[in-house]
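Visitor: Letter by letter, the chains look like this.
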Amino acid sequence: MVTPEVKIELKDLTVSFAGKKSLDRVNLDIRTHEILSIIGPANSGKTTFLKTLNRLIDLEKNVRVEGRILLDGRDIYREDPVLLRCKVGIIFALPVPLPVTVFENVVYGVRRQGVKDARELSRVAERSLRDAYLWDEMKDRLQEQAMKLSGGQQQRLCIARALAVNPEVILFDEPCSALDPISTAKIEEAMQTLKDHYTIVLVTNNTKQAARVGDRTAFFLMGELIEIDSTRKIFTTPRDRRTDDYISGRFG
Amino acid sequence: MERHFDEELKNLKQKLLQMADTAQGMIGLAVRALTERKEPLAGEVFALEEKVNAAEIEIEEEVLRLLAVRQPAARDLRLLTAILKINNDLERVADQAENIAEIAVLLLKEPPLKPVIDIPKMAALSQRMIKNGIDAFVKHDASLAKAVCEDDDAVDRINDQRFRELLTTMIADPKSVTRAVDLILVGRNLERIADHATNISEDVIFIEEGKNIKHHLQEKPEASS
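Those sequence lines, one after another, are chains A and B. Numbering of the first sequence is given in numbering that gives the first Met the number 0, commencing with residue 0 and proceeding in unit increments. Numbering of the second sequence is given in numbering that gives the first Met the number 0, commencing with residue 0 and proceeding in unit increments.
There's no promise every hint is true.
Stated by the list, open to error - Below 25 Å or equal to it, Euclidean Cα-Cα: the simulated SDA-like pairs (lysine to any residue) are:
1) B:Lys130 <-> B:Gln13
2) B:Lys84 <-> A:Ala210
3) A:Lys232 <-> B:Arg64
4) A:Lys207 <-> B:Arg2
Please keep in mind that the hints were generated in silico from the structure rather than gathered at the bench. Keep in mind the model is a prediction, meaning the values are calculated, not measured.
Produce the entire structure from the sequences given, and follow the hints as far as they go.
Guide: Below you can see the structure in the form of structure tokens.
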């Protein structure tokens, strides 16, 4: 059997807020070009886990991160956090478009990186919007204000904005919690396509979504990684009773 | 946390138990029709067969509804898919009992070929296997289910032995062929009932342990993720 290539490696990761552990000695590998779903009830450490992967956690107060996180074998705490966040993009639950046009939203990060050439910016915008499953809907509306788009379109615009800066890993934090089923299906479709080029980590409270989208699924409970396995295994025959109870809706 | 879904699953299991009870009773009636030479008992089997068919459809529809509405996972998913399969096995058990009753009606028109000894023995074993398979399902008892799988060999042995004996009878007396073939078919029906009981027990092991032991799959190493 070929050993899957590891994109991110977590070694004894412990994250505490004012001395209280939010994640406790988590060890796991995130594989290249996989969608890893993270599930667990409230306060299980899912979002903390996600924010640690691109060091957004550093912006929180009284936080302490112990252990190591290696991206392509390199400790992320030895990298420039701004460059790290270009490599490891994040999409939040509520879409946060900037109060400018659709086009300017997509190329915002690329402009900040110093790209000025109009043709290059147009090329980046088209590629990113296509990858985010939004091009067909937006190709004639690029100069419209982003705030006028529907919730589902705004979320895909945020994905396009994240893709524009050529990330290697995309973190999704409950990306569909505020969306209708059709918009949700479009985002899930986009994720399935994106994984050919990117590594994806999806935090979701919707266990069905984790089952539909994830190649592997990890179950967290009170800061502890209880179980990680193929999604098929987790949703049919999980090893741990607590995983079974959670995905069967017996608690959480 | 008690879920409304648990109540729905409980009701569904109850329906399956009633169906198992009926199917098991049908085996006894069909074999008694043959051994006690009482045609009305065969008539009772035919009436019960329709009841089992209706129960099968009702259970199948309920499982499909719950799969669609509840979108179950893990234990619940294994339980519902197993119920669907057990439901099918029980309906087939009832079919086999009906076959025996039909043969009994034919055989009652002829004088008995020889005293029927092994058929009640096979019937008792098969009925016990169904009962234990269903008990294992109700009590979440994987070891009882495993014991049922082992009983299947005993039924197969009796059936093979009967087949050889009836073959000898047919060779010795060609006029016995029709009745002997009918008796071979009864043995075959009982042997199939034992196979269905084995299927049910394998499903119970799947529900309880998440292991598929059909066709000795357990002997293969599990694929890692």
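Visitor: With reference to the structure, classify each hint as holding or not holding.
Guide: Results for each hint:
1. This hinted pair checks out: B:Lys130 and B:Gln13 have alpha carbons roughly 14 Å apart, not beyond 25 Å.
2. Between the alpha carbons of B:Lys84 and A:Ala210 the distance comes to roughly 24 Å, so the proposed pair stays at or under 25 Å and holds.
3. With a C-alpha separation of about 24 Å, the suggested pairing of A:Lys232 with B:Arg64 holds against the 25 Å cut-off.
4. Taken as a hint, the A:Lys207 and B:Arg2 pair is honoured in the structure, with Cα atoms around 18 Å apart against an allowance of 25 Å.
The structure meets every hint from the earlier list without exception.
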